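Chemist: Here are the chains, one letter per residue:
Protein chains: 2
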Amino acid sequence: MTRKLLTEHIRLMKSFLCVGLDPDLEKIPKHLLNEPDPIFAFNKAIIDATHVYCVSYKPNSAFYEAHGAKGFQSLVKTIDYIKTNYPSHFIIADAKRGDIGNTSGMYAKAFFNEMKADAITVAPYMGSDSVKPFLTHKDKWVVLLGLTSNEGAFDFQTKDLADKKKVFEQVLETSKSWGNAENMMYVIGATKAEWLTDVRKIIPDHFLLIPGVGAQGGSLEEVCKYGLNKDIGLLINSSRQIIYASNKEDFAQKAAEEAAKVQKEMERWIP
Amino acid sequence: MTRKLLTEHIRLMKSFLCVGLDPDLEKIPKHLLNEPDPIFAFNKAIIDATHVYCVSYKPNSAFYEAHGAKGFQSLVKTIDYIKTNYPSHFIIADAKRGDIGNTSGMYAKAFFNEMKADAITVAPYMGSDSVKPFLTHKDKWVVLLGLTSNEGAFDFQTKDLADKKKVFEQVLETSKSWGNAENMMYVIGATKAEWLTDVRKIIPDHFLLIPGVGAQGGSLEEVCKYGLNKDIGLLINSSRQIIYASNKEDFAQKAAEEAAKVQKEMERWIP
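Read top to bottom, the protein sequences are chains C and B. First residue of the first sequence? That's 137 in this note's numbering, and the numbers climb one at a time after it. First residue of the second sequence? That's 137 in this note's numbering, and the numbers climb one at a time after it.
Hints are computed from structural coordinates only; laboratory data are not their basis. Bear in mind the structure is a predicted one, so any value in this text is a computation, not a measurement. Incorrect hints may appear among the rest.
Copies of the same chain look alike in the list, so a pair counts if it fits in one copy or across any two.
[Unchecked claim] Calculated cross-link-like contacts (lysine-lysine; reagent style BS3-like; alpha-carbon spacing at most 27 Å):
no., residue 1, residue 2
1, Lys384, Lys312
2, Lys268, Lys400
3, Lys268, Lys295
4, Lys366, Lys150
5, Lys312, Lys301
6, Lys206, Lys252
Chain C with its partners taken away, still in its complex shape (with noise of 0.2 Å):
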């Protein structure tokens, strides 16, 4: 998907919101176990229930890994199901991979071929040549871990450079020059909102797609104030929030209640 067609749907839906496919078997609601594929029964649900207040969903690879072959083909399909069913919504695989220049190859033929995700996350720490095979394939798109949401990110992440910058920041500085602004995105953890102005001094141009608003603490307000631009560039992200509203029969239907609230929230953002 190109960036112009991604921005004109944001406008149209009035809404930046990317809702997070987690699906966890000890979670979703438990009249779904007898169906004979749960995870996309939940999701199916959960997605027809959800599209008319967000316009990007994420699943997360690992919740699917999890259950093995039988798993990763439920990825499959719920990709599936959505570009065919609503082909204007940006799906992003949460797959967190990157390895050497012909493995990362081989990873983008699974996401962006086998199944047809429009966006992949990446990890840095390999550096260009375990990014740059993923940026090859047209209107796609590497989303690179920049700042992480959770409490490692103190680890490594915020550790100052020689030069002063700190390591996210010198990630961004220099991957920025791999690609553009029409394939490549950032995960910026929301925790963090207030590092936002930094990272918009290096990168003003690209989406940044926002985890940790709703469970993990982040204010939407505060995500919004420092880190819109021009061509409001975030997808913001809520996983657990809404997928796991309900777990009674309504779950649906409180996916869509806790979908719309953000929604909402988000509408007076959009100029």
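Based on these hints, arrange chain B on the given structure of chain C.
Modeler: Just chain B, lined up with the frame of chain C:
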């Protein structure tokens, strides 16, 4: 697998060779493409032919995921085949995963419970809580990326921090307290063998997984000179040089011959 068993197996086999199982349909012998599962057929033949010369196998997940759920099933079958037929061999799922805590827990479930890998490679960028969920599984290992063998390693891993340590040295220093030499190893690329002296100052006791010998240009002699410790402490990986020694009907025989050559070189380093 315990460290004790791994070390005993190395002494018994007079080998610390790890064979990388990176099956690429464009490189495997053409006659295998008629098999119902060409990837598994290729791996099975390679494993049966090479197991007497190595102590470990390292399937790289990307090469399986590139074929979707079917490929993922080939990975499951491959690991299961090794576990069943050669249970003393140490299986490293080369997956380079790592995510926030509950998500890394799901990856651990995928590779340690659903599959029966002994170890998984993990990327350090997201810090402690992205790694620790892998360390709570008894007799399972994290192989953390330290200094990788690719060109991109120089983008961030070798950058100087404010206190003069390099980023990858900080990764070794900080992460070694997350586990111990019984459940953590580190990836250190053979293409930078002289750096092993510095690495051994920080982590004298840990096993190192060394990629980059062979096709990527690293030297076995250099690695042994700088990297060996009192328990051997090395697993040296070779993938392409062994598994693609021939792409004809004799591919397994030729792979065995290549593996035997490496084993022979290793023998003299094992007291």
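Chemist: Now look at each hint and say whether the structure bears it out.
Modeler: Quick rundown of the hints versus the structure:
1. Lys384 to Lys312: The answer is neither: 44 Å in one copy and 44 Å across copies each exceed 27 Å.
2. Lys268 to Lys400: Neither: 37 Å inside a copy, 38 Å across copies.
3. Lys268 to Lys295: both (25 Å within a copy, 20 Å between copies)
4. Lys366 to Lys150: within (15 Å within a copy, 63 Å between copies)
5. Lys312 to Lys301: both (15 Å within a copy, 25 Å between copies)
6. Lys206 to Lys252: Answer is both: 18 Å inside a copy and 16 Å across each meet the 27 Å cutoff.
In this structure, the earlier hints numbered 1, 2 are contradicted, and the remaining ones agree with it.
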